[in-house]
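> Sequence:
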Amino acid sequence: MPVPARTVLLLLGLWPLVVQAAGDPLSELRRMADAVSELNYEGTFVYEHDGYLQTLHLVHQVDADGEREHLVSLDGDRREVVRDRDQAICILEDGKPYLLDRFQARGAFPGPLSGDLEGLLDHYRLALGERSRVAGRPTRILSIEPRDDLRYGYRLWLDDATGLPLRSELVAPGSGVLERVVFTEFEVYAEADPDRAAAIRVRKAQVRAMIEPARYPTPVREPRWEVSDLPSGFALADYRTYTGEETPVDHLVYSDGLATVSVYVEPTGDEAPMNGTHRSGAVSTFALVQNRHQVVVIGDVPMATAHIIGVAVNPLDDGR
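Taking numbering that gives the first Met the number 0, I'd label the letters of the sequence shown as residues 0 to 319.
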């Protein structure tokens with residue numbers, strides 16, 4: 000299986016510095032959804048899950064050539080991520096770079112929201128809550144509560160001036176906070192800094208050159224696998240294949256507009272297949288063997304959701 004799928008990454012974005020009055024919850028969610036990719040900034044935040052704390056430094060730049068970002072851990076295990084609009088490359092302790100796509104680059108902040116945001120109201124309740132302060136800045140809490148037990152909820156401390164979620168908590172009803180991200184400081188720039196943008200561009204070129212081109216995931220024109228019985232609200236968001244492995248690995252991505260689930264399918268080989276469940280923070284992993292293929296489901300969803308999706312993975316006519 001592709002190693003990047005088993006990492007937990009934090010990739011964030013922000014919104015241009017314009018003061019706005021808080022509107023209705025859906026408008027604030029739209030504002031945040033737009034915010035995740037359009038601000039030039041540099042900041043430090045703390046990531047917490049399973050009692051583990053890590054401090055990370057982030058530089059985000061947007062110029063005429065597009066969006067790019069550089070994330071570096073300041074303590075604990077080494078973690079470095081460089082990304083642009085389409086791809087992210089992760090470098091861990093062994094120094095080896097791993098290529099990810101935008102769906103694998105998840106974090107405690109909601110990632111790129113997809114689809115019609117109004118459709119989220121069928122599966123989540125949104126509410127604006129009390130005001131607070133984070134990193135010395137006024138914020139207002141946006142609560143996103145699931146209407147069923149097949150997805151998690153969020154509490155987001157949205158910056159009044161920027162729409163940035165300066166603090167984010169991913170919550171499992173009845174189990175409390177699973178993941179927490181808190182900015183301790185950040186600075187917003189009116190324009191991209193050419194030196195910072197160039198440094199990120201150069202770093203990505205360095206690590207990308209170390210990855211074999213055959214290992215890049217590519218879009219699939221004729222899908223070979225499907226999930227025949229999806230939980231309500233989830234739909235196929237992307238389908239790609241990794242062709243550089245000994246055998247191709249199919250990667251299906253499902254989303255309800257907020258939560259994202261990856262499904263990896265590859266033929267079983269000589270190694271003992273994976274079976275069972277594992278959870279790290281908010282990420283549930285469910286592995287099983289279906290139709291002589293190894294299936295691994297990974298997503299920021301409850302284990303019950305991962306199980307429902309995993310057992311419903313079936314080949315299409317040309318997927319056997």
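Derived by calculation from the structure, the hints in this document are not laboratory data. Any given hint might turn out to be false.
To be verified - Think about it this way: if two alpha-carbon atoms lie no more than 20 Å apart in a straight line, the pair counts; the simulated SDA-like pairs of lysine to any residue are:
1) K95 with V206
2) K95 with G75
3) K95 with L112
4) K95 with V71
5) K95 with A208
6) K95 with T242
> For each hint, tell me whether it holds in the structure or not.
Hint-by-hint comparison with the structure:
no.	hint	verdict
1	K95 with V206	holds, 8 Å
2	K95 with G75	holds, 18 Å
3	K95 with L112	violated, 30 Å
4	K95 with V71	holds, 15 Å
5	K95 with A208	holds, 11 Å
6	K95 with T242	holds, 19 Å
Going through the hint list in order, the structure does not satisfy hint 3, though it satisfies all others.
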